[in-house]
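> Line order of the protein sequences matches chains H and D.
Residue numbering for the first sequence is 1 to 581, as defined by the numbering used here.
Residue numbering for the second sequence is 1 to 180, as defined by the numbering used here.
Hints were generated in silico from the structure; no laboratory data involved.
Note that CB positions come from ideal geometry on N, CA and C, so glycine has one too.
Hints are supplied without guarantee of correctness; some may be wrong.
[As the list claims (entries may be wrong)] If you want the footprint, here are the derived chain D segments under chain H, 3+ residues with CB under 8 Å:
(1) 80 to 87
(2) 111 to 119
(3) 129 to 143
(4) 147 to 156
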Amino acid sequence: MERRQALARNVLRFRVSGGQKVLAFIAFLSFLALSFSIIITNKSSIAESRSLTSATAPAASIIYTQRETLVYTIRLTQWLDQQITRREVQIARALLAQRLAVVNTDGKSVGQSAPSGYLQALHLTDSIVDSGPPGILSKTDHARLVALLNPEIDGLISQARLLVSEYQMAVDNQLTTSAKTSRNGDFITLLLLILFMTISGAWFLWIAQTSIRQFRKSKSLMLAESERLESLAEELAATNLMVYELESLNASKNEFISNISHELRTPLTSIIGYVDVLSTNIELDSNPQLEEIFQVLDRNATILLSLVQSLLALSQLDSPNKRDSFKPTDLLTVTEDAIFILHSEIEKKEISVKLNYKADDPYIIDGDSGLISQALINLVANAVKFSFAKKEIAINLVRNFHTDARNTISISIEDHGIGIPEAEISHLSERFFRASNAVSEHVPGTGLGLAIVAKVVELHGAHLRVDSSLGKGTTFTIDFPEYLSPIEALVMNRKYELLAEAIVGIQVDSQALLKAKLHEYGGALGFYEFGEIGEELLSLSRSLEDVEKVANPEVLKGRDQLVIRMKEALPIREMGETNVE
Amino acid sequence: MKLASKRAFVASIAALTMVLSIGGAQGATPKPTPTKNPYGASVPVDPPRPNDVILTVTNHSKVVRFSLNSLRKLGATQISIFEPFVKVRQTFTVVSLAKIFKSANILSSATVLTDALNDYIYTNTAKNFTDSQGQLAIARFGGAIPYDQGGPIRIIFPDKSTLGKNLSAWNWSLNVITVK
Chain H
1 MERRQALARN VLRFRVSGGQ KVLAFIAFLS FLALSFSIII TNKSSIAESR SLTSATAPAA
61 SIIYTQRETL VYTIRLTQWL DQQITRREVQ IARALLAQRL AVVNTDGKSV GQSAPSGYLQ
121 ALHLTDSIVD SGPPGILSKT DHARLVALLN PEIDGLISQA RLLVSEYQMA VDNQLTTSAK
181 TSRNGDFITL LLLILFMTIS GAWFLWIAQT SIRQFRKSKS LMLAESERLE SLAEELAATN
241 LMVYELESLN ASKNEFISNI SHELRTPLTS IIGYVDVLST NIELDSNPQL EEIFQVLDRN
301 ATILLSLVQS LLALSQLDSP NKRDSFKPTD LLTVTEDAIF ILHSEIEKKE ISVKLNYKAD
361 DPYIIDGDSG LISQALINLV ANAVKFSFAK KEIAINLVRN FHTDARNTIS ISIEDHGIGI
421 PEAEISHLSE RFFRASNAVS EHVPGTGLGL AIVAKVVELH GAHLRVDSSL GKGTTFTIDF
481 PEYLSPIEAL VMNRKYELLA EAIVGIQVDS QALLKAKLHE YGGALGFYEF GEIGEELLSL
541 SRSLEDVEKV ANPEVLKGRD QLVIRMKEAL PIREMGETNV E
Chain D
1 MKLASKRAFV ASIAALTMVL SIGGAQGATP KPTPTKNPYG ASVPVDPPRP NDVILTVTNH
61 SKVVRFSLNS LRKLGATQIS IFEPFVKVRQ TFTVVSLAKI FKSANILSSA TVLTDALNDY
121 IYTNTAKNFT DSQGQLAIAR FGGAIPYDQG GPIRIIFPDK STLGKNLSAW NWSLNVITVK
């Protein structure tokens, strides 16, 4: 069963094994690495993008520079061809200079990044142009300057082409580097992604496999439990049927015994009556043998009647709902009646019965007067039966006050007789049990009297005690719970509820709250007859006046000790258990 | 003198100085610009004389020619802008393109070609030029704009204007405006 419960607990709980935890941790680490890789790749991409933007920014300036260079060379050619003045060449050169001075987004101008050969070619043309005359070239100058300038024009065009091609190479290199860096970053990210996916997938598969295994276990367990419960239900149904049958049998038995007892009691009473009439009317002094026969007849018939009456009483006690007939009963009156009923037996043995009680005390209990009367008659009859002649039987009625529980009313029947062996005391409430010395002393009895007493005591929630000394006598004591009016019962319950409430209520940490609670419960418990505890609570509350929000260990210690005492004052046992001591 | 009167006096002097500097430049040869292009030729190009034709505006049959002086007569003002090519703030003396278009009866719907000395051409509608408050700069910091710095006249735009963001529209060394 324990194994099954442990398994059920394990099944119902989602469990992750050590290996799964390690794998989950590795998956987490790979996820972190993947995240970092993505962040780094993104940052790198942004940087590359910026770098590429920066690299491509001068493109327009480079193209325009090449254009202006070509325009300048055209102007130079036109000048050499005597079509335009030198000033127009100089203007074209100035516009080229302006283009070279344009600052790009990278903060540099084309002039700054232009190859030295280009600028050198430009300056060579400048020096040749400056050496020429202003205005249209003369034929003389034309021949000289053509020879000088044509190679330089070719050089300048070549340098302008180089300017573009070098720029293109630089951009190509930048693009290649960016692509490589980006590819490397992407490759690492891809690897990490695959790693993460693989580990996560493995982890999920593992978990899924474990879960399926646990599910299967739980299914089989539940099926087994279901079968077991079905079997238990069948057993319970069979037991219920058996209980019902036994109850029916018991009821039939009680009814049978009751009917038989009734049927036997009538003829037995008649027999005893006729024996009495015959023994009175017949002259027995002249026939001692006949007198003995009458005595035997009378004794056995009386025993038989007693047995029948006892059986009838027991069968009635076994019937359910006997407590329905309970009402406030004066135990003193019932006791006096029992003594009166037995006065002939008492007188026969010249025994004096002394009934002790306090006249001012009420001895009211909640019970069935008939059953209590039967129990007391049995006890007093036993006391008379087992007492030595001319001895005294003391019957004491005492009202016991309890601060920690409901008040009780005790009745004790004390005889001075043969006593009961100690080892047999615990068997007294068993049906048909008779003490060994009673049998050996030929004391008549059925062995049902004390069984009836024990049953009555149990039914009334009372407590039976037996104190016996062999050869000296026996004392039977029954402690009945005192009758409580509905209001008294309410107050009684409230009293203990309040005490339990106070035990919890005063165990607070806040000093200010503790003071308030001690005061509150102290007053209330004083009202509910817990005067001493109430006063102590109030005293403790007053002692907190000087503390001023500082937790005082002494006060808390006092509080804790008081709590222990309060717990002790709570009723720890239910009234009503029956035990023969 | 009260503070308000002092401010009014200073403002009057400043305005007078500005008028004198603009008016004074009308008749004389513009002073050379204080800046120098590091990639320019060792011998600078002389700026055009005040009455030399430096801009020709052609609206089909109508042709209007402008010298620096005649441009100034259209009404010159000063404007400070962020020059996007050398990336510094500069102050220019300008004549609005709207006035130039008006002088040649160019309608706002007309498509105009701006043609530079180096044959660079930019084309847009007159309306887009005027909506962006396009200006023709004729001097910089009170002096002539050198050829190697976009002179002698160039199209500029105020900061944050629509066409100002398009660097192609900033035509340097403007020579001709033609209606297409």
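> Would you mind marking each hint as holding or not holding in the structure?
Hint check results:
no. : hint       : verdict
1   : 80 to 87   : holds (count 3)
2   : 111 to 119 : holds (count 4)
3   : 129 to 143 : violated (count 0)
4   : 147 to 156 : holds (count 4)
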